[in-house]
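Given the coordinates of chain D, assemble chain V onto it according to the supplied hints.
Protein chains: 2
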Amino acid sequence: MEKKIYTPGILQYIPFFYVIWSDDLVSASEVNIVEKAIDGDHTLSDTEKVLLHSWLQVKNPPKNEEFKNWKQTISNSGTKLIEGETYPLTTFSQKVVCQYHETYPLNEQLKSIEVNLGIQPNHYNHLFEVEVEHSISAQTYDANEIAKILKGSHAPVIDAFQEFLLDPIFNWGIHRNKEDFRHVVLEQLKVLAQKGYGAMAYPAAYGGTGDMEGYATIFENLMYVDGSLTIKFGVQFGLFGGSIQKLGTKIHHDTYLTAAGQAKLLGCFAMTETGHGSNVRGIKTTATYDKKTDSIIIHTPGKNDNKEYIGNALHSKMASVFAQLIVNGKNEGVHAVLVPLRNKNHELLPGITVEDNGYKLGLNGVDNGKIWFNQVKVPRVNLLNKYGSIKEDGTYYSDIKNPNKRFFTMLGTLVGGRICVARAGLGGAKMALAIAIKHALKRRQFNDNIKIQEDLLMDYPSHQLRLTPLVASAYVYHATLDKMMEVYCDESQPDKRKVETQVAGLKSIITWYANNTIQECREACGGKGYLLENRIADLKGDVDIFTTFEGDNNVLLQLAAKGVLSDFKSEFNSAGFSSVLKLLSQQISDKLAMVNPLYSNKVDKEHLYNPKFHKHAFDYRTRRLTYTLAMRIRDYIKKGVPSYQAFLKVQTHLLALGKAYSVELAYNTYIEFTETIEDTKNRELFQKLGTLYALYEIRQDASWYLEQGYIGGTKSKAIRQRVERLCTELRPHIGVLVDGFGIPGHCITAPIAH
Amino acid sequence: MEKKIYTPGILQYIPFFYVIWSDDLVSASEVNIVEKAIDGDHTLSDTEKVLLHSWLQVKNPPKNEEFKNWKQTISNSGTKLIEGETYPLTTFSQKVVCQYHETYPLNEQLKSIEVNLGIQPNHYNHLFEVEVEHSISAQTYDANEIAKILKGSHAPVIDAFQEFLLDPIFNWGIHRNKEDFRHVVLEQLKVLAQKGYGAMAYPAAYGGTGDMEGYATIFENLMYVDGSLTIKFGVQFGLFGGSIQKLGTKIHHDTYLTAAGQAKLLGCFAMTETGHGSNVRGIKTTATYDKKTDSIIIHTPGKNDNKEYIGNALHSKMASVFAQLIVNGKNEGVHAVLVPLRNKNHELLPGITVEDNGYKLGLNGVDNGKIWFNQVKVPRVNLLNKYGSIKEDGTYYSDIKNPNKRFFTMLGTLVGGRICVARAGLGGAKMALAIAIKHALKRRQFNDNIKIQEDLLMDYPSHQLRLTPLVASAYVYHATLDKMMEVYCDESQPDKRKVETQVAGLKSIITWYANNTIQECREACGGKGYLLENRIADLKGDVDIFTTFEGDNNVLLQLAAKGVLSDFKSEFNSAGFSSVLKLLSQQISDKLAMVNPLYSNKVDKEHLYNPKFHKHAFDYRTRRLTYTLAMRIRDYIKKGVPSYQAFLKVQTHLLALGKAYSVELAYNTYIEFTETIEDTKNRELFQKLGTLYALYEIRQDASWYLEQGYIGGTKSKAIRQRVERLCTELRPHIGVLVDGFGIPGHCITAPIAH
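Protein chains in written order, with the working numbering: chain D, 40 to 793; chain V, 40 to 793.
Simulated from the structure, these hints should not be mistaken for lab results.
All the given hints hold, so there is nothing to weed out.
Given that identical chains are not distinguished, each listed pair holds provided it fits within a single copy or across any two copies.
As a list, the in silico DSS-like pairs of lysine-lysine whose alpha-carbon atoms are at most 27 Å apart: (1) Lys654 x Lys756; (2) Lys477 x Lys342; (3) Lys229 x Lys289; (4) Lys641 x Lys756.
Isolated chain D (complex conformation) (with noise of 0.2 Å):
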C-alpha cells in the first residue's frame, strides 16, 4: 500500500471522516452538520473543501482504500488518545497533524462536529490501533448540582436525614434469623420516631410539620438503610397512624396520634384478608354494632376470613381493622375500627389469635401475621368516623349517602401510601443501578484480543444499553412520583380521583420497572451480584412483593384503565359510556389524520429527538387503546353480552390501556419538569435523559406501532439505532448520572461499588 500524505487542513479532518464513516449512523442531517462545519472552517483552502465534500456522499461512500490510507496515517502517527481530554477527538486529531507537520492550532469547527454529533470516545477508542489514556468519567457535569435538581425544595429534609442517617443503628448488616432482624429493625424504628420522623405528615399539633411531601422522600431514602425498615416506618406512621389521622376524628387524634407518632404505641392496618386479595369491598369480617352494650363486635367469619400479611402484627398493641360495618341488621359497608390486641404484657387479648407468617422471599424485618377476631367488643367510639359513624341513638349516619362513592372516598385518603411504594421501589432500583454501575466502572472484562486492554465492562455496547434506559427511567419517575405527591397534597383541590387512577398506574409500571432494574442489576454484576454483602440480592428480594401489596398490579392497571374510560368524570356506567364513547371517536380520528406515509417514515435527528414526537406518539397510542377498547366493549354489549362478561373479554387490552395511559403521564410530568431547570447545561442533560426514555418506551412497543402503521419499519430500526447511539452518547456521563441520585456514601456499602 503506497503512503499517502494529507495536507495539515485535511489530516485533521481525517479522524473524523474515519470515525463517522466507520459508524453506521451516516444520516443526512449528520451529514449536514459536518458540511457546515466544512464551510465554515476559514483554514481550509477551496480545493480542500472540494476533497472533504467529495467524501460525504451516502451514496457514494469513500473506496476502501481510502479507508485504510486514512488508518495507516493515524496508527503511524503514533498518537497517543486521551479520553480525559474536554475534546478529545479534535485534541487528538491536532497531534495527528503535529506528528506529519508542523504546530496546528485547534479547530473550533472540529469541536463543534465533535459536540454536535456527539461522538464519545468509546466510539472509537479502539478504531485507530493507537496507545489509549482511559478515562472512566467525564468532567462535564457535577453530581451535586444534579442532585440538588432532583431534591427540589425538599433538600433542606433530605440533607438533615441523610446526616442522622449516619447514626450507626442504621449500619447495614445481614441478619437471618427473623427474630434478630425484627428486634434491629423496631429499634431503628423507635430511633426514627424519637427523632420526630415518624409523625413528620401529621399536624403540629401530634408532634409532625404537616409535611406529607417530605415524608415521602424520607420513605425512599430509608431503601437506602434497609428494605424491612422502610416497610416497617410505612406500617406504623402511613398506614396505623395514616389511618386514625385520616379516617379518625378529633378524639383519635387526641387520643392516639401522638402515642402512634412517637411508636409508643405500635400497631397494625388490618386490612387484606386470605382469601381476598384485592377485593377489599369483599371483606368478610364483621363489625356488628352492640346496642345493649353501646359496643362494636370485631368477628372473623369463616376459617380463610382472617386477616392475612399484616405487617407489624406480631409487635403491635393495636389494629385499625377493616371491617363490613353492621348497624341495625344493614350492612353500612367497609369502616375501619380501632381494635386493642394486647395488653401491656404484650398478651393477646381474648378472642384474638395471631400466626406469624413465617420467612419470606424478603422483608424478614417485618413482622407479618394473621389475625383472627372471635367476636371481639370494643366501645363504639373506637369506629374511625370521619366518612361514616354510629350516633348516640345508634344509628348509622355519613354524610356520604352513596355507599360506593363512601367506600371510595376513604379508600382515597390512603392513595398516599401507594406512591410512597412506588417511590420506595425507585430508591430500590437507583440503588441497584449505582451499584451495578460504580462496579461496571471498575471491573475490567476479558476481550478476545489479548493485545488490547480489557475494557471496563461499562463499555460494552451490550451493557451500556441495559443499563442505561433504566438510569433515564430512573429521572422520569422520581420526577413524576414527585409531582403526584404534590397534587396529591394539593389542599385546593379536594376531588382526588383523577390523582387516585394515576397513581394505580403509575406504581404498577414503577414497582415493575424496580423489579425490571434489580435483576438486570444483578445479572450485570454477575456472581458478585449474588452475593448479599452487595446489597442488589436483599432490595430484590425487597421490592418483589412490591408489584403485589398496596394493590396488585394488573388490579391497578384496570382500575387506571377504567379511569381513562370514563374520562375521570364518573364511574363507569352505560349511560354515561357511550357519550365518552362519542368523545372519543371525534377525537381518535383527528389524530389519525396526521400520520402519514411521510410522519411514519420520518427518520432524522430532530424529528426523533424531539418532544413533539414522542408526545405525539404516546397520545396516539392511549387515544387509539381507548377508542378500540370502548368500541369492543360497546359491540358486546349491543349483543347483550352481561358487562362482566364483556370485560373480562378485553381484560388484556385493559392492562395495555393501562400501561399505555401511565407511561404517557410519567413523560409529559417529566418534560414539564425539566422546563423548570433554569441551568441550560443541566437542563439539556435531563431532557436528553427524557428523550432516551421516550424512545426506549416507544421502542418496547414497537409491534404494536408497526401494527398500527404508526411507525414504519425503517423509522422503527432508527428508533433502536438511536436507543443504542444514546447509551453510548451517555457513557462518560453515567458515572455523574448514578452519584446524581444523591444515595448517601456511607449507605452504598457494597464492596464492588468501591
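Chain V alone, transformed into the frame defined by chain D:
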C-alpha cells in the same frame, strides 16, 4: 321485545351462534367449519339451512336485535350448563331444545363444531346468564400418559429415583443459618452417594452405570427437593468427579473416582477467578513444573486472582484447580491439576487460604468460597493429563498440537454440565408452574358483579396468558434438552463442537426462561407466592444465578452466534469468513423470494397453526440476522476497523442472532420429538403446545418481523389473538399439563398447591 320461538333445528344451533358471534374470532376458515357442519346436518330442512347460512355472513352479521332474542331464548330456558360434560355446549344446546320442544337427540354435527373450533366452557360460561356447574379440569387427557412420554426411555431410572426421594432425609425445610443448611445438604449428598446416584455417569468399574443421560434426569428431579442439594450434587459428582473422569487418565480414575462417586472424597472445581469471570483462558493461577523436585507448584499471583465462588470449598479435601501450566518456562495453556486442600482433620494444608463467600441470594446450602494458593507443591502425577502431560523427562507433550484446539477440547468435555444447569433451571420452572397453576385452579378471585360466583384465578384471560405459554415452553425445552444430552453422549459422533454451540445458546435462553417463569409464578400467586413455605421464593433465589454460572448468558449467546457465523465448520477467521458470507448470501436471497405480500398477510388458522409457517419464520430470522451481521462485519473489516472493535459494534446484533438460533433449534427439535409420539390424541396435544410456543415466540419478536416486512400488521394482530385463543383452549387441560411434568406429589409441599 317480542319473544321469538325457533324450530328445534334452528334452536340447537343458537347457543353456538351466540358464542361464535359474541367472540372476536370469526375468520373465514372458521365460518367454513360451521358451514360444512350445517350442510352435512340431515336433521335440518332446506329452509332452516338457508336461515342458518344467512346468519354466517362475516360482512353482514346478524342484527343486535337477533342476538338479544337468542340470548333471551337461552336464558329463559333455565338450562343448567355443566362444564364437565364431554361436549358441554352440544349437550347444553340439546337441553335448551328440550325445554321448548320434546326430547331431541345429541347432534353429531354440533359436536364436530365444538371440537374443531376449540370452543371451551370458559369462552362462554358467563355468557348465557344461566346456572353453571363448574368443572376445574377436563378429563380428556391422562397426566400419567403425558408424564410417561416426557420420561421416555429414562422412566425406570426416574421412577426408582422418585421412590427413593420419599426418604425423610429429603423432606423440605427452612434453613436460615448457612452452617446448618450446609450440614443438611452434605448429609443428603452422602445418602445419594451411598445409593449410587453420585457415580451414575461413571464407568461400572468405578461404581457407576455410565448413564450420563439418566444422570441429567436425576439432576432435574433434585430441583424438586432443593436447589442447594442439586448444585452441591453437580459440583461434587459432575464437576469435581467429572473433571477426574474426563480430563484424567487411568491412574486418576483408579485412585480417586470411586471415592469421589461415594462422596468419601469431597472435592471442588476451582476454575473461576475473581477478576476473570467468564474468561477461563485468561486465568492467572499458575501451575509451574519444577523439574528438580518433579512436582508442580500452584500459585495465585495477585490478590484478585484467587479462585471465586467455588462450590464445596469449605467441605472439600481436594480441588481440581485450573491453572496456566508452565513447563520449562513455556506456558502450555490452561490445564487442571488435583490439589489436596485439607488433611484428615479437615485442617487447611500449608499455603492454602480459603474464605467463605458468605450469604447469597439463594443456594445458601452450598458452601461457596474463595481459594488462594501460595506456592503449593503437588506431585507431577496430579496433572489431569488426558489432553496434555508432562513426560518423565520433564518435557510437555500433547496429542493436540494447536493450543487453542486443546483448550476447547478440554472445555468441551464439560459441556454436559451446561446441559445439566439448563435442566435444573427447567426443573425449577416446572415446579413453580405446578404450584402457581394448582393454586390458580383452587383460588377464587372477586369480580365486580356480586351476583356471579367468584371465578377461579385460572379463568381470567390475563392469568391464562401469563402462564400457559410458559407451560408450553417447558414441554419444548424438556424435549430439546433430552435430545441435546443424547447427542452429547453419542460416542459415534466424537466431534462435539456443534453440540457445544447449541448448548451455549440453549443454556442461555432456558435459564432466562426459568427466571422469568418463576417470577411470573411468584406474582401470579400474589402474597402467597412471597412466603417461603410456598417454595417459589426459594426457587427464585436458587435459579437466579443459573444465568451467570457455567458461563454468563450474554457471553454464551455470543459464542453461539459466532458458531452460527462460522457455520460450525472452523473457528471464526477472515479466511473462512468470505466463503461463509458467499454461502449465506446465496441462501438468504433464495428464502427472501418466498416472502410476498400474500404470505405476509396470510391469517387463516390453517396457515398460522402450520409448523411449516413456524419453521419458515424461525429459519428466515436466523438466516436474515446471520446475513446482515456478516455483511456489517465485512464492511467494518473492509474499512480496516480492527476486528475487536467490529465485534464490539455488532454486539447486540450477535446477541439477537444467538437467541434466534436457539429458539429455532428448540422448536425444530421439539417438532421432531412430537412426531415420535404414537398415540394420536396425545401427539396432537403436544403439537398444540408446539404451536403455542412458536406463535408466542414470533409474537415476542413481532417488531422485528414487522420491520422486515415478513409479517404485516394484520398478521401480527392475528398471531396475538391466536396466542390468547390457544391459551383459552388449553385452559381445561392446564391442570393435567402440569401434572404431566411428573413432579412427585410428596415434593410439592407448598400449602397453596393443596
